[in-house]
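Colleague: Residue strings, one per chain:
Protein chains: 2
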Amino acid sequence: MNFAISQLNFKIADFAVNTRKIIEAIQSAHAQGADLVLFSELAVSGAPALDLLKSSVFLNQVDEAVQEIARSCKNIDCIVGAPYRDSSSGQVYNGALFCSQGKVERVISKRELNDQGLIHETPYFVSGSGADQIEVKGSRVLITLDDVLENEIADSVDLIISLRNSPFSYTEYDQRMERIKAVSQQLATGMVEVNQVGAQGQLIFDGRSVVVNSTEGYFDKLKAFQEDFKLFRLEGKSLQSLQPKIDTEKYTETALLYEALVLGIRDYFDKNGLKKALIGLSGGIDSSLVAALACEALGAENVKGILMPSMYSTGHSVKDAEDLANNFGFEYEIVPIKGGYDAFIEMLNPVFGTEDSAEVDLTEQNIQARVRAVVLMAISNKQGYVVLNTSNKSEAAMGYGTLYGDLVGAISVLGDVYKTQVFELSRYVNRNQQLIPEHAINKAPSAELKPGQKDSDSLPVYEILDPILYLLIEKNLSTSQIVELGHDKNEVERIVRMMSRVGFKLFQTPPALRVSPRAFGSGLNLPLVAKLA
Amino acid sequence: MNFAISQLNFKIADFAVNTRKIIEAIQSAHAQGADLVLFSELAVSGAPALDLLKSSVFLNQVDEAVQEIARSCKNIDCIVGAPYRDSSSGQVYNGALFCSQGKVERVISKRELNDQGLIHETPYFVSGSGADQIEVKGSRVLITLDDVLENEIADSVDLIISLRNSPFSYTEYDQRMERIKAVSQQLATGMVEVNQVGAQGQLIFDGRSVVVNSTEGYFDKLKAFQEDFKLFRLEGKSLQSLQPKIDTEKYTETALLYEALVLGIRDYFDKNGLKKALIGLSGGIDSSLVAALACEALGAENVKGILMPSMYSTGHSVKDAEDLANNFGFEYEIVPIKGGYDAFIEMLNPVFGTEDSAEVDLTEQNIQARVRAVVLMAISNKQGYVVLNTSNKSEAAMGYGTLYGDLVGAISVLGDVYKTQVFELSRYVNRNQQLIPEHAINKAPSAELKPGQKDSDSLPVYEILDPILYLLIEKNLSTSQIVELGHDKNEVERIVRMMSRVGFKLFQTPPALRVSPRAFGSGLNLPLVAKLA
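Here the protein sequences come in this chain order: A and B.
Be aware that the first sequence starts at 17, since it is given in the numbering used here, and climbs by one per residue.
Be aware that the second sequence starts at 17, since it is given in the numbering used here, and climbs by one per residue.
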């Protein structure tokens, strides 16, 4: 039996496009001699569709699309993921539809619903009966949407096919591979996992659909971060790739992260019908990296940088930003912020009085950051650009950023990327030639909102901060567990204290592309009001 | 058997305060002759604690608090809600702990976990075994945390006690009462529901713990939006109030909404250790109402209004705002925004060029709104005020508001309140004397960002808009269903189209006090990227 894996990038609720892609893949698989073609979980609707799953109009459109797809399965079978509404009970399941001879022959429904990260299934789906067997050209195939299989139902099948929506994070793929290999080995049966590819808002699906062999383990996979199509043959329990295998070692962890962020930006723009990105350039490493990623995702001709020096900006900051723009070949403008800043100081003088006005504090720093935000948003409004936010996860965790100032933007590119990863990514961008100015990478990080300011005046240095944040956030360890691992108790306690006060800011920062196990505002869900550390 | 209901306002994770309140109530109940005292669901920890429930430090603190509470139950029994970690499996349940003779005698665990609105239980709790019976002084009592009871277990008990966390919305109480009455009648047994009181960030718990009688239906309840304590006697299956009964008809729907919002503001400030509120006053009805609610919640001495007239503000707007401040007796300042506005126009001139600068569009309106936001945030930073957002749900649904402009603030007071409800609430504020100037209520709503502007230039009038929004959002009806109810097809389609484009703004607006069945960003969860209407 020959089968094809079709790994596609869907758009949520765009039934015309999704259905066309699926039917074209069915036709192409048939033309190439496949007996069966496989699609990912919730392929027909795109996922996660969230509250759209509560709309009867949406569910009717799913039904129509499914019928059209089924009708196209005349001389070939397919298994495709879709929300499935039971016509008698009206209940909605997360289904894998087996289409054969022009109709939906069987519906397998997901049993273990998933509520991790930004995936929310229990509010929308009813738990179904789980894995089930079908037969294609004499091969017995087990279809599942669940992680855990019950042994009895997996007995005596020739192949296990799992439809997935596994979002990318820099730890998830290894866990996924280990799980698949373990299941395959335990059941002594080969296993195929078909994964969605493409970014859906904050979530980035990496594709990398895999085939494992119960004896060898890893066998073959499809591309990362791209649509792909591949043919395999199953004889008895034996698997064979009908096309060249993929080299597994192509990507380093940093390269994967880079590709994920590029896809995240590109799909956010493409799927929303947007084109041009606007970035506030400080000459620092965060905004430089965001500009580099945006150029890769959208083309330098669709990127514009705005340099907004203040009285505290160093000369080299402007030069670094100009060098960056010239290296990548994107347009930039310089808008000094002194005029706006002075106007606010004058407007506020009568309110603050002589005493308050004399004492320069965080207020004046925030005014600078907010004047920049007004400038960026005005250019965005007038010229049709979308502002990309440039703050990172280390700053977000510490509340180091100005709400409605540097924290503005339609989407946060680095909001789930630690500062140490920002450095690694910048060096990766420069792997062949120096595109991000070396000085922007090597200078001490600074917000440049007062004379001589350094991030390390207010925060632990990033080499100390990031590993502790990683243990707190990604590993969910307590202060005492982290101290036991050898970190300084005072530093850990200071970080926990600072982090406990950022909830209200995180509530209003732009949605961030998710690349870690626990992104703020998705994996992490803290009460707005609570007694915290 | 005498029992007491203790309806308390807890603070999430503040174990010292919560434990003290619970133990004092136990002692007071004992002193008044009660055999049993009842507390609400998750009383010990406060709820919803969200990701704090994943912290072992937090769960250890719960254990310690529970032991201390149990030890105080020497001559009296109590039933108290708390997260319960099973010591062998490590799994965490939503538990009702029956404490007697100084220790935890029995743990009843919630079976049907709830993921409605802002309550998220499945990510944190394991589903338990559900209702169970205990015996107190010869009375057989069924304890439950679930809505649905299985008949067999409810057989032959004298009383059903349900611990709850039912947040307020203007439809939920009636549904709750109907459910309780139906269960009580069906099982021919009296029923007690103990509810949490107090606001926890966006969620406002209304208390109103109730006692129903299987024969009469409604029997008695505790106060709305306040802590309360009340004694009852159970003899056989017969219930008796040992204190004066509450008049059920005290509150109109508008009065309840008013009290809910006041409590929402007060607890947000109290529980976060905040004191002073800052409000941008336009002279319009939304900001006037927010000021009125803030004065009631925090005292006029803790409220400050900032009037920020632009070149398009009408003279009467300033006068209305001044009258408002004088009527309530709160402080205000006038900061005209022309200086800031002109500075931005000048800064942006070189970027926009002659052509773009000549064409005045939404950009210039947004600059005005954002200049106001910078002023408000600067005063907030310098003088320690917390900015209250003043936009309403009708505007939010239509995307009628400027991100980082009038959409700033720590918390949105009216973000879940439709404009027509804003009018009703304002008339309620004026029920005894005219506090909100009549002119602010009666004039045509306007953002005053360009000459002669009215909301109705961009939006359907609120009398048409709000009923359609209610059907779309709260009732989750489709366009065709709404048209069938007699609404104009073009208007409905226009509203659906406008609403489908607001997702990205809703992602970054302040958290809103939730008072409807489906608040944005809580009840409503739309994909950031999707093909929408």
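Don't take every hint at face value.
Identical copies go unnamed one by one, so any copy, or any two together, can satisfy a pair.
[As the list claims (entries may be wrong)] In silico lysine to aspartate or glutamate, DMTMM-like type, Cα no more than 20 Å apart, as pairs:
id	residue 1	residue 2
1	Lys-70	Glu-454
2	Lys-70	Asp-131
3	Lys-335	Glu-490
4	Lys-261	Glu-347
5	Lys-398	Glu-380
For the record, the hints were derived by calculation from the structure and aren't laboratory data.
Colleague: Next step is simple, just say for each hint if it's right about the structure.
Modeller: Right, here's what the structure says about each hint:
In the homo-oligomer, the alpha carbons of Lys-70 and Glu-454 never lie at most 20 Å apart, since the shortest distance is 51 Å inside one protomer and 42 Å across protomers. In this assembly of identical chains, the alpha carbons of Lys-70 and Asp-131 lie at most 20 Å apart whether taken from the same copy (17 Å) or from different copies (14 Å). Taking identical chains as interchangeable, the C-alpha atoms of Lys-335 and Glu-490 are never at most 20 Å apart, the minima being 37 Å within one chain and 54 Å between chains. In this homomeric assembly, Lys-261 and Glu-347 never come within 20 Å of each other (Cα to Cα): the closest approach is 41 Å inside a single copy and 73 Å across copies.
Taking the shortest Cα distances, Lys-398 and Glu-380 sit within 20 Å of each other only across copies (9 Å), while inside one copy they are farther apart (27 Å).
This entry does not satisfy hints 1, 3 and 4, going by the numbered hints stated previously.
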